[in-house]
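For the sequence shown, this note's numbering assigns the number 171 to the last residue and increments by one with no breaks.
Don't read these hints as lab results, they were simulated from the structure.
All C-beta atoms, glycine included, are put in the ideal place defined by N, C-alpha and C.
Watch out, some of these pointers could steer you wrong.
With a straight-line Cα cutoff of 25 Å, these simulated DSS-like cross-link-like pairs (lysine-lysine) come out [stated by the list, open to error]:
no., residue 1, residue 2
1, 106, 64
2, 142, 2
3, 2, 64
4, 6, 64
With beta-carbon atoms standing in for the labels, derived distance ranges [unchecked claim]:
no., residue 1, residue 2, range
5, 94, 66, 20 to 28 Å
6, 35, 103, 23 to 31 Å
7, 139, 17, 23 to 31 Å
8, 17, 152, 55 to 63 Å
9, 144, 60, 25 to 33 Å
10, 134, 10, 28 to 36 Å
11, 160, 57, 41 to 49 Å
12, 138, 158, 25 to 33 Å
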Amino acid sequence: MKYCTKCRRMYNDSEHNCTECRKHYALETLEDQTTPVYLTSASGFELDRIQAALEDGGIPSSSKAQEKSLSADAVTGADKSNRDILVPFNALEEARDVCIGIGAIKPEGEEIKVEGQDVEDAVNFEIDESEVMSPAKRTAVKIISAILLIIIACLVIWGTDAITGWIKGLF
1 MKYCTKCRRM
11 YNDSEHNCTE
21 CRKHYALETL
31 EDQTTPVYLT
41 SASGFELDRI
51 QAALEDGGIP
61 SSSKAQEKSL
71 SADAVTGADK
81 SNRDILVPFN
91 ALEEARDVCI
101 GIGAIKPEGE
111 EIKVEGQDVE
121 DAVNFEIDES
131 EVMSPAKRTA
141 VKIISAILLI
151 IIACLVIWGT
161 DAITGWIKGL
171 F
(Lines of atoms letter the chains of each structure in order from A and count residues from 1; the text may use other names and numbers.)
(Lines give C-alpha, C1' and ligand atoms only; values in the text may rest on other atoms or scores of the structure.)
Protein backbone atom coordinates (compact mmCIF):
# COMPACT_ATOMS: atom_id res chain seq x y z
CA MET A 1 0.00 0.00 0.00
CA LYS A 2 1.05 3.58 -0.66
CA TYR A 3 0.05 6.73 1.17
CA CYS A 4 0.38 10.50 0.83
CA THR A 5 2.68 11.93 3.49
CA LYS A 6 0.71 15.20 3.50
CA CYS A 7 -2.96 14.17 3.79
CA ARG A 8 -2.31 10.55 4.97
CA ARG A 9 -4.77 8.98 2.49
CA MET A 10 -4.18 5.42 1.32
CA TYR A 11 -3.75 4.39 -2.33
CA ASN A 12 -3.18 1.20 -4.28
CA ASP A 13 0.36 0.33 -5.30
CA SER A 14 -0.49 1.22 -8.90
CA GLU A 15 -1.13 4.90 -8.01
CA HIS A 16 1.74 7.41 -8.20
CA ASN A 17 0.24 10.77 -7.12
CA CYS A 18 -2.21 11.92 -4.44
CA THR A 19 -5.50 13.04 -5.97
CA GLU A 20 -6.79 14.70 -2.77
CA CYS A 21 -4.01 17.25 -2.24
CA ARG A 22 -4.11 20.33 -4.40
CA LYS A 23 -0.60 19.69 -5.55
CA HIS A 24 0.02 16.16 -6.70
CA TYR A 25 2.41 14.79 -4.11
CA ALA A 26 4.35 11.64 -4.83
CA LEU A 27 3.12 8.66 -2.84
CA GLU A 28 5.40 6.66 -0.59
CA THR A 29 5.28 2.99 0.24
CA LEU A 30 3.90 2.29 3.69
CA GLU A 31 6.54 0.38 5.64
CA ASP A 32 5.78 1.10 9.31
CA GLN A 33 2.50 -0.52 10.42
CA THR A 34 1.98 2.14 13.12
CA THR A 35 2.03 5.05 10.66
CA PRO A 36 -1.09 7.22 11.13
CA VAL A 37 -3.37 7.10 8.07
CA TYR A 38 -6.63 8.83 7.12
CA LEU A 39 -9.89 7.21 8.26
CA THR A 40 -12.58 9.86 7.69
CA SER A 41 -13.40 13.55 8.23
CA ALA A 42 -15.85 14.89 10.79
CA SER A 43 -16.59 17.91 12.96
CA GLY A 44 -18.38 18.77 16.18
CA PHE A 45 -20.50 16.04 17.76
CA GLU A 46 -19.81 13.55 14.97
CA LEU A 47 -16.05 13.90 15.58
CA ASP A 48 -16.52 13.27 19.30
CA ARG A 49 -18.82 10.31 18.60
CA ILE A 50 -16.35 8.64 16.23
CA GLN A 51 -13.39 9.18 18.54
CA ALA A 52 -15.36 7.80 21.52
CA ALA A 53 -16.34 4.69 19.53
CA LEU A 54 -12.72 4.16 18.47
CA GLU A 55 -11.57 4.60 22.07
CA ASP A 56 -14.18 2.08 23.26
CA GLY A 57 -12.85 -0.33 20.63
CA GLY A 58 -9.30 0.13 21.90
CA ILE A 59 -8.17 1.84 18.70
CA PRO A 60 -5.83 4.82 19.15
CA SER A 61 -6.82 7.84 17.08
CA SER A 62 -5.94 11.48 16.61
CA SER A 63 -7.44 14.32 14.63
CA LYS A 64 -5.80 16.90 12.42
CA ALA A 65 -7.41 20.14 11.26
CA GLN A 66 -7.89 20.37 7.52
CA GLU A 67 -5.94 23.18 5.90
CA LYS A 68 -8.87 24.41 3.85
CA SER A 69 -11.38 24.46 6.72
CA LEU A 70 -12.24 27.45 8.88
CA SER A 71 -10.70 27.90 12.29
CA ALA A 72 -12.53 28.16 15.61
CA ASP A 73 -15.71 30.22 15.65
CA ALA A 74 -14.86 33.55 17.32
CA VAL A 75 -18.33 34.15 18.75
CA THR A 76 -18.97 30.83 20.51
CA GLY A 77 -15.40 29.69 21.00
CA ALA A 78 -16.33 26.27 19.58
CA ASP A 79 -14.17 24.66 16.96
CA LYS A 80 -16.57 23.72 14.16
CA SER A 81 -13.94 23.02 11.55
CA ASN A 82 -13.72 19.70 9.76
CA ARG A 83 -10.95 17.49 11.06
CA ASP A 84 -9.31 14.42 9.57
CA ILE A 85 -9.35 11.41 11.89
CA LEU A 86 -6.11 9.42 11.77
CA VAL A 87 -5.56 5.86 13.01
CA PRO A 88 -2.52 3.54 12.85
CA PHE A 89 -2.38 1.55 9.60
CA ASN A 90 -2.45 -1.77 11.46
CA ALA A 91 -5.83 -0.78 13.01
CA LEU A 92 -7.37 0.77 9.87
CA GLU A 93 -9.69 -2.13 8.97
CA GLU A 94 -10.90 -2.49 12.56
CA ALA A 95 -11.47 1.29 12.75
CA ARG A 96 -13.48 1.20 9.51
CA ASP A 97 -15.61 -1.63 10.92
CA VAL A 98 -16.29 0.41 14.08
CA CYS A 99 -17.26 3.47 12.00
CA ILE A 100 -19.52 1.37 9.77
CA GLY A 101 -21.09 -0.11 12.91
CA ILE A 102 -22.04 3.31 14.29
CA GLY A 103 -23.13 4.60 10.88
CA ALA A 104 -20.37 7.19 10.58
CA ILE A 105 -19.17 5.89 7.21
CA LYS A 106 -20.90 3.71 4.67
CA PRO A 107 -19.53 0.35 3.59
CA GLU A 108 -17.72 0.31 0.26
CA GLY A 109 -20.14 -0.33 -2.58
CA GLU A 110 -23.23 0.15 -0.41
CA GLU A 111 -25.60 3.04 0.11
CA ILE A 112 -26.87 3.88 3.60
CA LYS A 113 -30.66 3.88 3.42
CA VAL A 114 -33.11 5.85 5.54
CA GLU A 115 -36.68 4.56 5.14
CA GLY A 116 -36.07 3.55 1.53
CA GLN A 117 -34.19 6.73 0.56
CA ASP A 118 -30.52 7.50 0.20
CA VAL A 119 -29.12 9.55 3.05
CA GLU A 120 -28.19 12.28 0.58
CA ASP A 121 -31.82 12.42 -0.62
CA ALA A 122 -33.32 12.28 2.88
CA VAL A 123 -31.24 15.13 4.26
CA ASN A 124 -30.03 17.81 1.89
CA PHE A 125 -26.43 18.57 2.83
CA GLU A 126 -25.79 20.42 -0.42
CA ILE A 127 -25.48 24.11 0.38
CA ASP A 128 -24.88 26.62 -2.35
CA GLU A 129 -22.06 29.04 -1.70
CA SER A 130 -24.57 31.87 -2.15
CA GLU A 131 -26.49 30.56 0.90
CA VAL A 132 -23.46 30.48 3.18
CA MET A 133 -22.87 33.71 5.10
CA SER A 134 -19.41 35.01 5.69
CA PRO A 135 -18.36 35.36 9.35
CA ALA A 136 -18.54 39.17 9.11
CA LYS A 137 -22.06 39.08 7.67
CA ARG A 138 -23.16 36.54 10.30
CA THR A 139 -21.83 38.79 13.08
CA ALA A 140 -23.58 41.84 11.59
CA VAL A 141 -26.88 39.93 11.42
CA LYS A 142 -26.50 38.86 15.07
CA ILE A 143 -25.83 42.45 16.19
CA ILE A 144 -28.74 43.89 14.19
CA SER A 145 -31.05 41.17 15.52
CA ALA A 146 -30.06 41.99 19.11
CA ILE A 147 -30.66 45.71 18.55
CA LEU A 148 -34.09 45.02 17.00
CA LEU A 149 -35.01 42.77 19.94
CA ILE A 150 -34.12 45.57 22.39
CA ILE A 151 -36.14 48.10 20.37
CA ILE A 152 -39.19 45.81 20.30
CA ALA A 153 -38.92 45.21 24.07
CA CYS A 154 -38.73 48.99 24.68
CA LEU A 155 -41.76 49.63 22.46
CA VAL A 156 -43.79 47.00 24.34
CA ILE A 157 -42.82 48.52 27.71
CA TRP A 158 -43.50 52.10 26.59
CA GLY A 159 -46.80 51.08 24.96
CA THR A 160 -47.92 49.26 28.10
CA ASP A 161 -46.95 52.29 30.22
CA ALA A 162 -48.89 54.65 27.90
CA ILE A 163 -52.00 52.46 27.98
CA THR A 164 -51.78 52.16 31.79
CA GLY A 165 -51.44 55.96 32.09
CA TRP A 166 -54.45 56.52 29.82
CA ILE A 167 -56.55 54.08 31.88
CA LYS A 168 -55.47 55.82 35.13
CA GLY A 169 -56.49 59.16 33.56
CA LEU A 170 -60.05 57.88 33.07
CA PHE A 171 -60.55 57.44 36.83
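Run the structure past the numbered hints and jot down the numbers of the failing ones, going up.
2, 7, 9, 11
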